[in-house]
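S.K.: My request is simple: use the sequences and hints to build the entire structure.
Chains as they are written, first to last, in our numbering: chain Z, 1 to 299; chain Y, 1 to 290.
No lab work stands behind these hints: they were computed from the structure.
Even for Gly, the Cβ is constructed at its ideal location relative to N, Cα and C.
One should not assume that every hint holds.
Covered stretches of chain Z, going by a simulated chain Y footprint (3 or more residues, C-beta under 8 Å) [unchecked claim]:
1. 35-45
2. 110-122
3. 140-154
4. 256-269
5. 272-278
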Amino acid sequence: MAARAIGSNMRIQALLLLGPALVIYVVFAVFPMLDVIWLSFFKWNGLDPVKVYVGASNYVDVFTKDPVFWVAFRNTMIWTALSVVIPPMIGLGLALGLNQPIFGRNTLRAIYYLPVIIAPIAVATMWRWMYDPFFGLFGQILTSLGLQSWVMDWLGNRDIALYSAFGAYVWQSVGFSMVLFLAGLQGVNRSLVEAARIDGAGRWSIFRYVTLPALRTTLTIVLVLAIINSLKAFDIVYGLTGGGPAQSTQMLALWAFTQSMQIFDFGRGSAISVVLLGVTLAVVIPYMRWTQKREETTE
Amino acid sequence: MTSANLAAVQADAGRPPRDWVLIGLWLSLIVVAAIWIAPFVFIVFTSLKSTGQVMTTSAFAPPADPQFSNYASAWARGRFDTTFVNSVVITAIKVPLGLMISAMAAYALAKIPMRFGRLTLVLILFGTMIPFQVMLAPIFTLVNGFGLIDTYPGVILPYLAFGIPYQVFILHGFFRAIPHELSEAARIDGASHFTTFRRVFLPVSLPVLAALFILDFVATWNEFAMALVLLQDREMWTLPLGLSAFQGQFSRDYGQLNAAIVMTVLPATLVYLIFQRYFVSGLTSGAVKG
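M.R.: So, in structure tokens, the structure goes:
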């Protein structure tokens, strides 16, 4: 009797502690995720009381009648591929450098990381101004080097606008990879490095055969986070180009938003979201299983 | 390659007088740092120039006659008084409240045996990976259904929901590592879980809480996409929304636009510079553990 009373008391305590977070999380994060799947099967303008069930026709429309979708899809893939390679590579380079006993490393680290904490929309505003073809930073630097002919309408030229936008993203995201790599480098066995050095291994061999293998876990984490963060790219593109010129920098997250919130086609917008969600899950689920396994083995 | 080998050999022979590889490395780090900081210099300089000066002087020329009035004009025209207050109110409620409920949940999941504890944890961790940018429309529909568009709770509740996963993830890992003896001693003395949580777990986890607090402050302060959808009345706008609108309206007032950027970015930058060491520990404690 007493044991049961204690047991139920425990359960009440657990519920009271867990409840608030769980309820808010389920209602405002899990439910919208399911709702977006549900909405993708309806024709709806977001306000009408009536939603019309249309089966898979939103998906058919998106795939076959919406050329912008494929531009956005392609851009998202390019953006993701670039974000997996460029910021982590620079970040690793900086982290390896900062891991050496050099003068002013804390200051340097602070500088590289500073853009990470700035609002992406502010980064977009800054870079939009820097890309100004007349008075912006890049135009001025090129002009002062006598390279006027290289000055372009960085964000107005549809062949390069996506890559110009990505430049701003690199500036903002390198610091994040760098910090993760720096943390990973703390886990590299010092005595192993020392032993390799005594055996006459050069810096490159030490990096290649000691440091890099020890960074494998970190590398996986950095790359997965790079993929997920790049799929989220919204603010920076919204602020820099708004998807233009002529939709040439359109991305899936932004296009889903535009369809739902500006064109008021919630069905199509949701269908695009579901595609993006599917891509995300294809990365997230294997990754989560991998982390679970890793935790079990370290326990 | 040979120079690196040489350096290694020299290192064996006792400290070399100069390690050229290291010096080269240092110089390249300095160059990158200069590139990284250049945009800030450019923005601050421009923010202090009149439109005429912007057009006639070089980008890195310091403003000869600093126009501090740009800041006052940008503040008034960008309605920073409204957006600043909204940002402060939302951040001041969301961050402590979110940390509180996340810590409670993390404690329950780490220290109270529950039937679906493991499943609940996985469900919550899943949320750390899902971008809310994907679901802006359904979030709008949901908040609209509650009649909370253009209200503080309407934006704070979704913010809480998307902040919980990462915080629970970090705190759960931390709480689980706290030795059993510590909590059991309190429990045997008859303390409830609430008391154990408050008297034992919160005090020892202050450094982690501080790190999460600062990370969350910056994330909340900077959030744009959800605010864009949920706050449509300009009386309710936050700083990032105000900046975005300012850029749309006054993009040719270069000085004022840059002053607006500086004012938007400054609070987060200051918090970062003051609490720098917490940032790094907060970011890495969860993501990379050996």
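S.K.: None of the hints should be skipped; say for each whether it holds.
M.R.: How the hints compare with the structure:
no.: 1; hint: 35-45; in the structure: holds (count 3)
no.: 2; hint: 110-122; in the structure: holds (count 12)
no.: 3; hint: 140-154; in the structure: holds (count 3)
no.: 4; hint: 256-269; in the structure: holds (count 6)
no.: 5; hint: 272-278; in the structure: holds (count 3)
Checked against the numbered hints above, the structure breaks none of them.
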